[in-house]
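Peer 1: So the chains spell out like this:
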Amino acid sequence: MKTNLEFTAEFHQPDMPDIPYNTLNLGPTHPATHGIFQNVLKLDGERIVSGEQTIGYIHRAFEKIAERRPFYQITPLTDRLNYCSAPINNTGWYLTVEKLLGVKVPKRVDYMRVMVMELARVADHLICNSILGVDTGALTGFTYVYQYREKIYEIYEEICGARLTTNMGRIGGFERDFNPKVFELTRKFLKEFPPVWREFENLLTRNRIFMDRTIGTGGLSVERALNYGFTGPNLRACGIDYDLRTEEPYCSYEDFKFDVPVGTTGDTYDRYVVRNEEIWQSLSLIEQAIQKIEAEPAGIYHADADHYYLPPKQEVYKNMEALIYHFKIIMGEIDAPAGEVYQAVEGANGELGFYLISDGGRTPYRLHFRRPCFIYYQAYPEMVKGQMLSDAIVVMSSLNVIAGELDA
Amino acid sequence: MSAEIKMAEAPPGIEGQGFFATSLDSVVGLARKNSIWPLPFATSCCGIEFMATMASHYDLARFGSERLSFTPRQADLLMVMGTIAKKMGPVLRQVYEQMAEPRWVIAVGACASSGGIFDTYSVLQGIDRIIPVDVYVPGCPPRPEQIIEGVMRIQDLIGKESIRRRNSEEYKKLMDSYFIK
Amino acid sequence: MSGISHEQISSHVTTQLGEVLTMIPDAYGIFTAEVPLNQLYRVVHFLFKDPALEFNFLTDICGVHYPDAAGRELAVVYHIQSMRHNTRLRLKVFVPVSKPEVPSLTGIYASANWMERETYDFYGVQFLGHPDLRRILNMDEMVDFPLRKEFPLEDPLREDKKDYHFGR
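Protein chains in written order, with the working numbering: chain A, 204 to 611; chain B, 372 to 552; chain C, 67 to 234.
Hints may be right or wrong, so weigh each one.
What the hints assert, rightly or not - Here are the simulated lysine-lysine pairs, DSSO-like style, with alpha carbons at most 27 Å apart:
hint, chain 1, residue 1, chain 2, residue 2
1, C, 115, C, 158
2, A, 267, C, 228
3, B, 531, B, 544
4, C, 158, A, 302
5, A, 394, A, 495
6, B, 457, C, 215
7, B, 543, B, 531
8, A, 460, A, 495
9, A, 391, A, 460
10, A, 495, A, 384
11, A, 302, C, 215
12, A, 267, C, 215
13, C, 228, B, 457
14, B, 552, B, 457
15, A, 394, A, 354
16, A, 384, A, 354
17, C, 158, A, 267
18, B, 543, B, 457
19, A, 267, C, 165
20, A, 391, A, 310
21, A, 310, A, 495
22, C, 165, C, 228
23, A, 267, C, 227
24, B, 457, A, 267
25, A, 310, A, 460
26, A, 521, A, 531
27, C, 227, B, 544
28, A, 384, A, 310
29, A, 302, A, 384
30, A, 460, A, 354
31, B, 457, C, 227
To be verified - To give an idea of the interface, some chain B residues facing chain A are shown, with a C-beta separation under 7 Å as derived from the structure:
hint, residue
32, 391
33, 414
34, 415
35, 416
36, 428
37, 441
38, 458
39, 459
40, 491
Calculated directly from the structure, the hints in this document are not laboratory data.
We put the beta carbon where it would ideally sit given N, CA and C, even for glycine.
The shape of chain A in the complex, shown without the other chains (with noise of 0.2 Å):
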């Protein structure tokens, strides 16, 4: 019996001109395809032999708007680009701007932050882990797990009262202080997440079903992987260990003490394994946070640059000087330092940039955002060459292709 591997080593012939090959059109409207993308076909019966992808079908034209807005505004353009994790985003954003501007963010700020990103980062794997579990045709992992994404939307609306695109935060911190029902929300989180979870991997991680499907299929090697740009858990399943967490360390994450899980081959099985370890981490992540947190002294939630960070509106109605960076700031006359600045932080998908060019006025002249699914999903027709249709559709599921980060 060939395994899948086998077969596309014998199947890498040039075009054979004469056999027609069938065309088969997926997407952009298709159940499997997480998000408007196209994929066309060529196929030999089952197996692929090529593929040619359309996108573009949710262009927003993000960097033109990016142009038209001062930098708060820019944040909920940030949270529709990855919307699965928005928070990730958003603190993203604003680490750019703070580089910029060349604001000190306190450390319990630091920490603050990295508990709403690993909450992000657990909300993000779990849709994508369930979710390839319901492309394989499991659709009770799916509706058990998305429960507790409705836990991790509690919090979010406790820290800043939307449930999916988030905004959250300000240049140097956030609008307001954790209140004691955050942490008392997370911390239930935390205790019953777990079993839950535990009980997610029972039902597929040693499937049979589940293993015949995945292992084998989609697999890329390092080299390849690392020409194509792969970044986050497609490149960590490849077998490098990198991450920017603890390659670039950014928001005080060396003071955290995590493991950075690594597969082997790089097919779907082992991506979705490295998923399924990094909600362990982001687990463990954030109890540190918390303890961190409440180390700190408390009251801090915000730095201290009064050019930039929006005062509590209890201020503007009674201080003068409040009520003068409030106007400035919302008319956007933040006074913006000439320059380039180009920040990463690891996002669910990988490493997501900000490159943001500043000519000093109120909106930036140029920003680029780096998109890891852009870059990744190039690598799909050759990741699924010579395997057969199930596979594609499995392949698609565990790269977590994002339509709002693959367009723009």
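Please arrange chains B and C on chain A, whose structure you already have, making use of the hints.
Peer 2: Frame of chain A, contents of chains B and C only:
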């Protein structure tokens, strides 16, 4: 919380020993509205809130939408959730045209209703530019409760609709204004 | 950025290739340099292949439009990083808008494919040697290059939003 089970209201009619007479419209409407098969046309963030609506916490299946149909031929309700770019417009139009009558459209989210925060050259400013819409659900993204409210408004529309509506002059004029055959 | 220092990188490149890099001062710590157009492929290939430098990862390619700089209107910015030394660097090339031709890096990095298509789509930069240079995010029928500064953000033909309500 009381364990009262709310039965669907019987339409007004004449009741007697072993028979119940009412108008065909109301019976057909009652049957249709409690068994809508939606086509989730989820493009972006609103699609994730739709996933939340379908999941166990805010169960949409209670309203009869247990079976999602991803093929337009077998769907009743086209739920457009998320931004529709101009590149996607022809695809949406083709999906709508492939649906069989009776069909309803619900525009979920600000982007589908009017373009949302994306007033740009590449985003269609509302899907009612290309297809007729029955219910608009505002929000960015709308909470699952709002999406369910939208589905309930569709249920009201379906329940009160005349079964000859699709052949009426007004409907034909609406379709002509969108150049739909 | 740990690993190699900026002086080491620039001295290494200068010894092997000559004076090709024009350093641009950067306040935020990344080695930033401008490369003349005809040296771009050579420099990037050297950075990729050289065993001491090993800049084997292309992070990002993007374009910038400076309508006021005559003869240098379109800039293409490359962010490259070395996994082994954990160092980033940024290279820029400037081309005039009348002849926006830049050699393609798809021979070195496979990820350059779509990134160059995106830069072409937004700015009209022609990448010579690209296997499949066509629009990627915008509609294929589009003729303009939307991220250039003169292109308007809103669609002027839209009917329901009146510009004067939005202050435009």
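Peer 1: If a hint holds in the structure, say so; if it does not, say that too.
Peer 2: A quick look at each hint next to the structure:
Taken as a hint, the residue 115(C) and residue 158(C) pair is honoured in the structure, with Cα atoms around 20 Å apart against an allowance of 27 Å. With a CA separation close to 20 Å, the supplied pair residue 267(A) and residue 228(C) stays within the 27 Å bound. Between residue 531(B) and residue 544(B) the CA atoms are separated by roughly 20 Å; this keeps the pair inside 27 Å, and the hint holds. Pair hint residue 158(C) plus residue 302(A) holds up; C-alpha atoms about 21 Å apart against a cutoff of 27 Å.
In summary, the hint linking residue 394(A) to residue 495(A) is supported, as the alpha carbons are separated by about 18 Å, within the 27 Å threshold. Of the supplied pair hints, the one linking residue 457(B) and residue 215(C) holds, its CA atoms being roughly 21 Å apart against a limit of 27 Å. Using a Cα cut-off of 27 Å, the hinted pair residue 543(B) and residue 531(B) holds, with the two alpha carbons roughly 19 Å apart. Note on residue 460(A) and residue 495(A): the hinted pairing holds, with a Cα-Cα distance of about 12 Å set against a maximum of 27 Å.
Between residue 391(A) and residue 460(A) the alpha-carbon distance is near 22 Å, which keeps this suggested pair within the 27 Å criterion. Note on residue 495(A) and residue 384(A): the hinted pairing holds, with a Cα-Cα distance of about 17 Å set against a maximum of 27 Å. Under the criterion of a C-alpha separation no larger than 27 Å, the hint pairing residue 302(A) with residue 215(C) is consistent with the structure, at around 26 Å. For the suggested pair residue 267(A) and residue 215(C), the alpha carbons sit about 9 Å apart, so the restraint of at most 27 Å is met.
Taking the CA atoms of residue 228(C) and residue 457(B), the gap is about 20 Å. The hint holds against a cut of 27 Å. Distance check on the hinted pair: residue 552(B) and residue 457(B) sit about 21 Å apart at the alpha-carbon level, within 27 Å; holds. With a C-alpha separation of about 12 Å, the suggested pair residue 394(A) and residue 354(A) falls inside the 27 Å cut-off, and the hint holds. Note on residue 384(A) and residue 354(A): the hinted pairing holds, with a Cα-Cα distance of about 13 Å set against a maximum of 27 Å.
Restraint check: the Cα-Cα separation between residue 158(C) and residue 267(A) comes to about 21 Å, which is no more than 27 Å; the hinted pair holds. In summary, the hint linking residue 543(B) to residue 457(B) is supported, as the alpha carbons are separated by about 26 Å, within the 27 Å threshold. At roughly 23 Å between alpha-carbon atoms, residue 267(A) and residue 165(C) fall within 27 Å of each other, so this suggested pair holds. Under the criterion of a C-alpha separation no larger than 27 Å, the hint pairing residue 391(A) with residue 310(A) is consistent with the structure, at around 25 Å.
Restraint check for residue 310(A) and residue 495(A): satisfied, since their Cα atoms lie roughly 9 Å apart, inside the 27 Å limit. The suggested pairing of residue 165(C) with residue 228(C) is violated, with an alpha-carbon distance near 37 Å, which exceeds 27 Å. Taken as a hint, the residue 267(A) and residue 227(C) pair is honoured in the structure, with Cα atoms around 19 Å apart against an allowance of 27 Å. Annotation: proposed proximity of residue 457(B) to residue 267(A) holds, straight-line Cα distance about 16 Å (limit 27 Å).
Distance check on the hinted pair: residue 310(A) and residue 460(A) sit about 16 Å apart at the alpha-carbon level, within 27 Å; holds. Between residue 521(A) and residue 531(A) the alpha-carbon distance is near 17 Å, which keeps this suggested pair within the 27 Å criterion. The suggested pairing of residue 227(C) with residue 544(B) holds, with an alpha-carbon distance near 25 Å, which does not exceed 27 Å. Between the alpha carbons of residue 384(A) and residue 310(A) the distance comes to roughly 21 Å, so the proposed pair stays at or under 27 Å and holds.
Note on residue 302(A) and residue 384(A): the hinted pairing is violated, with a Cα-Cα distance of about 31 Å set against a maximum of 27 Å. For the hint linking residue 460(A) to residue 354(A), the alpha-carbon distance of about 25 Å falls within 27 Å, and the restraint holds. The straight-line distance between the Cα atoms of residue 457(B) and residue 227(C) is roughly 17 Å, inside the 27 Å bound, and the hint therefore holds. With a cut of 7 Å, the hint placing residue 391(B) at the interface with chain A is violated, because the nearest CB-to-CB distance is about 38 Å.
With a cut of 7 Å, the hint placing residue 414(B) at the interface with chain A holds, because the nearest CB-to-CB distance is about 5 Å. Among the interface hints, the one on residue 415(B) holds; its C-beta lies about 5 Å from the nearest C-beta in chain A, closer than the 7 Å criterion. Here the hint on residue 416(B) is kept, as its CB sits about 4 Å from the closest CB of chain A, short of 7 Å. Interface hint status for residue 428(B): upheld, as the beta-carbon distance to the closest one in chain A is roughly 5 Å, under 7 Å.
Of the supplied interface hints, the one on residue 441(B) holds, with its beta-carbon coming within about 4 Å of a beta-carbon of chain A, less than 7 Å. Evaluation of the residue 458(B) hint against chain A yields a held restraint, the C-beta minimum of about 5 Å falling below 7 Å. The beta carbon of residue 459(B) is positioned within 7 Å of a beta carbon in chain A (closest approach about 4 Å), and the interface hint is therefore held. Contact between residue 491(B) and chain A, as hinted, is supported at the beta carbon level, the nearest pair being about 4 Å apart and thus within 7 Å.
Going down the numbered hints, you'll see the structure goes against 22, 29 and 32, while the others check out.
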